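Enquirer: Input sequences plus hints: build the corresponding full structure.
Order-wise, the sequence lines are chains A and B. With my numbering, the residue at position 133 of the first sequence is 133, and numbering never jumps. One gets my numbering by counting positions in the second sequence from 1 and adding 312 to each.
Honestly, the hints are just simulated from the structure, not real lab data. Since this is a predicted model, take the numbers as computed values, not measurements. We put the CB at the ideal spot given by N, CA and C, even for glycine.
To give an idea of the chain B side of the interface with chain A (calculated C-beta under 7 Å), a few residues: (1) Ala386; (2) Asn407; (3) Asp494; (4) Glu544; (5) Gly545; (6) Thr547; (7) Ala548; (8) Lys562; (9) Lys680; (10) Gln691.
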Amino acid sequence: MTTVDHDQPHDTEKNTQRRFVMPEGIFAWLLVAPALIFICIIVAWPLVETFRLSFTDARIAGENYVGFENYADLAGDRKFHATIWRTFYWMFLSVGLKLVLGLIGATLLNAAVPGKALFRVLVMPPWVIPIAIGCIGWLWLYNGYFGLLSGMAQRLGITDGPIEFLAYKTSAFYSAIVTDVWVGTPMVTLFLLAAMQGVSRDLYEAAWVDGASRWYRFRRITIPQIMPVIVSMALLSAIWTFNSFEIIWILTEGGPRGATTTLIVDTYKTAIGNYKFGEGAARAVVIVILLALFSLIYMFFLNKVNKHYGSK
Amino acid sequence: MKHLKTLTVGAALLVGTALSAQAEDLHFIMCGGEVRAADQAVVDQFIADNPGVTVNLEAVPWGTCQDKSLTLAAAGDPPSISYMGSRTLQQLAANDLIVPAQIDDASKSTYQEGVLNTVTIKGTQWGYPHAFSTKGLYINCDLVEEAGRTCTAPKTWDDMYDLAKAINDNTDAAGVGLAGKDFDNTMHQFLNYLYSNGGVVIDSATGENKLDSQQTRETLAFYGKLVDVAQEGPTAWERDQLRDLFNDNKIGMYISGPWGRGQHNESINQLVAPVPAGPSGESGTILITDSLVVFKGTGHEDLAHKLAQALSSGDAQYDLDSSWGLTPILDYASIGIEAPYYEGDAFWEVFTGGISTGGPEPIVEDFKSLQSVFTNMVQGIILKEDTVDNLVTIAGEELDEAL
Numbered sequence: 001m002t003t004v005d006h007d008q009p010h011d012t013e014k015n016t017q018r019r020f021v022m023p024e025g026i027f028a029w030l031l032v033a034p035a036l037i038f039i040c041i042i043v044a045w046p047l048v049e050t051f052r053l054s055f056t057d058a059r060i061a062g063e064n065y066v067g068f069e070n071y072a073d074l075a076g077d078r079k080f081h082a083t084i085w086r087t088f089y090w091m092f093l094s095v096g097l098k099l100v101l102g103l104i105g106a107t108l109l110n111a112a113v114p115g116k117a118l119f120r121v122l123v124m125p126p127w128v129i130p131i132a133i134g135c136i137g138w139l140w141l142y143n144g145y146f147g148l149l150s151g152m153a154q155r156l157g158i159t160d161g162p163i164e165f166l167a168y169k170t171s172a173f174y175s176a177i178v179t180d181v182w183v184g185t186p187m188v189t190l191f192l193l194a195a196m197q198g199v200s201r202d203l204y205e206a207a208w209v210d211g212a213s214r215w216y217r218f219r220r221i222t223i224p225q226i227m228p229v230i231v232s233m234a235l236l237s238a239i240w241t242f243n244s245f246e247i248i249w250i251l252t253e254g255g256p257r258g259a260t261t262t263l264i265v266d267t268y269k270t271a272i273g274n275y276k277f278g279e280g281a282a283r284a285v286v287i288v289i290l291l292a293l294f295s296l297i298y299m300f301f302l303n304k305v306n307k308h309y310g311s312k
Numbered sequence: 313m314k315h316l317k318t319l320t321v322g323a324a325l326l327v328g329t330a331l332s333a334q335a336e337d338l339h340f341i342m343c344g345g346e347v348r349a350a351d352q353a354v355v356d357q358f359i360a361d362n363p364g365v366t367v368n369l370e371a372v373p374w375g376t377c378q379d380k381s382l383t384l385a386a387a388g389d390p391p392s393i394s395y396m397g398s399r400t401l402q403q404l405a406a407n408d409l410i411v412p413a414q415i416d417d418a419s420k421s422t423y424q425e426g427v428l429n430t431v432t433i434k435g436t437q438w439g440y441p442h443a444f445s446t447k448g449l450y451i452n453c454d455l456v457e458e459a460g461r462t463c464t465a466p467k468t469w470d471d472m473y474d475l476a477k478a479i480n481d482n483t484d485a486a487g488v489g490l491a492g493k494d495f496d497n498t499m500h501q502f503l504n505y506l507y508s509n510g511g512v513v514i515d516s517a518t519g520e521n522k523l524d525s526q527q528t529r530e531t532l533a534f535y536g537k538l539v540d541v542a543q544e545g546p547t548a549w550e551r552d553q554l555r556d557l558f559n560d561n562k563i564g565m566y567i568s569g570p571w572g573r574g575q576h577n578e579s580i581n582q583l584v585a586p587v588p589a590g591p592s593g594e595s596g597t598i599l600i601t602d603s604l605v606v607f608k609g610t611g612h613e614d615l616a617h618k619l620a621q622a623l624s625s626g627d628a629q630y631d632l633d634s635s636w637g638l639t640p641i642l643d644y645a646s647i648g649i650e651a652p653y654y655e656g657d658a659f660w661e662v663f664t665g666g667i668s669t670g671g672p673e674p675i676v677e678d679f680k681s682l683q684s685v686f687t688n689m690v691q692g693i694i695l696k697e698d699t700v701d702n703l704v705t706i707a708g709e710e711l712d713e714a715l
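Expert: Written out as structure tokens, the structure is:
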């Protein structure tokens, strides 16, 4: 048996008339509001506070407004200029090596060899091990008297005495780069490997039928197909490397004589080490500006690359 | 019966309220990463003597400890008491984060000469000195004899260099261990030599910067000369790591505190001597103390003072010094301790003898900048990046900025 409510259509009509119709714009804002609030608390507020602090001489005891004094000091500080160049050199060299090694590693891991799953797992430890633990291992490797590298060099007759890798400006800098590359390469490798596995087999088979060599297929199929991933990884890796702190701090604390001091280490030493929060904040703002500029330029080229290779 | 019940419950509530009002939790940060048995015993007794009081002892390694105490205090959540380097006192005091120590005149008179200077700023003591060290030169006599020399203490820098060169040239070991890492004891090591050459960093009476001097130039030049007979790459080494090289027969000598004796291999035939004298001075050493500091704003500063006084009192302090192997911070004979551990011992004479001739660790507000000044100067000469004259001139200017 079915009960028919003759009033229902009438009520529904009334309800429709009464229903509050929210303007689309407000509804959209309500939907994004949680994310906006989250970003304001996590990102915007610290950023604004850092920006504000950079115009003060904030220390433990308190703070006074000093205008652009901190920035003027940085502009005239030759050591700071050298630190900026050193940071970019550190970043470009390290990211370049990570990309080259990552590409080689991904290509090898993508090859149809027996036990490749095992090799893929074996690539991961530098990425999986906590950075501090890995760096302590490298500290031991670099030690001149008790370290493996120096010991091997002496045993093989390459040197007739211990080599202290972290004691000299140049060797300390490049040693830190090696460790940074060791930590960062596995991630690049795995991302590029994932991209390579997404390349259609049909393309390779068609090229193979046409007689294309391995090198030709790699150059004309693999690289163009994974180019968007390469450039994205390069940008992410550049930002991470620019802000890489633990590796340098554990290995050298920025020494000797500032040879491994990058912007992030300099900022930490100033703000946290010497409790000069205002001056440290000014350095942090400079980092933000430099990275933003770098990212803008990079995005410009990324768009060009994407257009060229047909990616959206 | 009903009234009795009410009274009992009421009494229980009152007692409970009174106890909770008394309950205090003292947060005690102990720099150095460990709590020594002698200190723990005093803390345990303190808790037993003060019902309702608990002490939350937190041992933190030196590398991060002082920053942690300072940051907590600056953030408005200070520890009740902290054991930390006396070099931090001026910064803490200038920022109104700590309260002056309450050391009575009778107690003051029991400290060894110069100890209270390490915690005194403009006539006020800001910490209870709790650990004291002077330094001496440890020599590996096995290596000296292997080098064809007799193991005797070098009196002058020339003697020391001569001995180090002999070891360097005639054995597989380096002549001397030098500290040059980005670390506080690079400054301390340098000051041992500077104070053995009549040098001064800051005039204690006027507060004037005295670093840029002939004595500093001579000391830095000698440090640079020692690099040629030192272990590979001194800028990668700090003092405590040199101990490992000494134990492994890799260096012939190095400067360390009295605790070194207990840390060296028993198989090493070692000689301990005062730091050799430079051309412009007499043998000297840096006088370093670590102190118990009472922080401001905890609401139980009185209890914290009481604990600090208990820890630094005669018997408790003696237990710590003797068990740890520290230079005696108090004149224990003057407080009635018979045959203290350092008396009549040639080893201890090296360390107690330096007390009257030693120089203090400079007390400045920005102690990290002070440390950087010395590290830059010392690393500059080790890496041969500049001349002695330039490095000392620059260090003098940088110290002016740091003061």
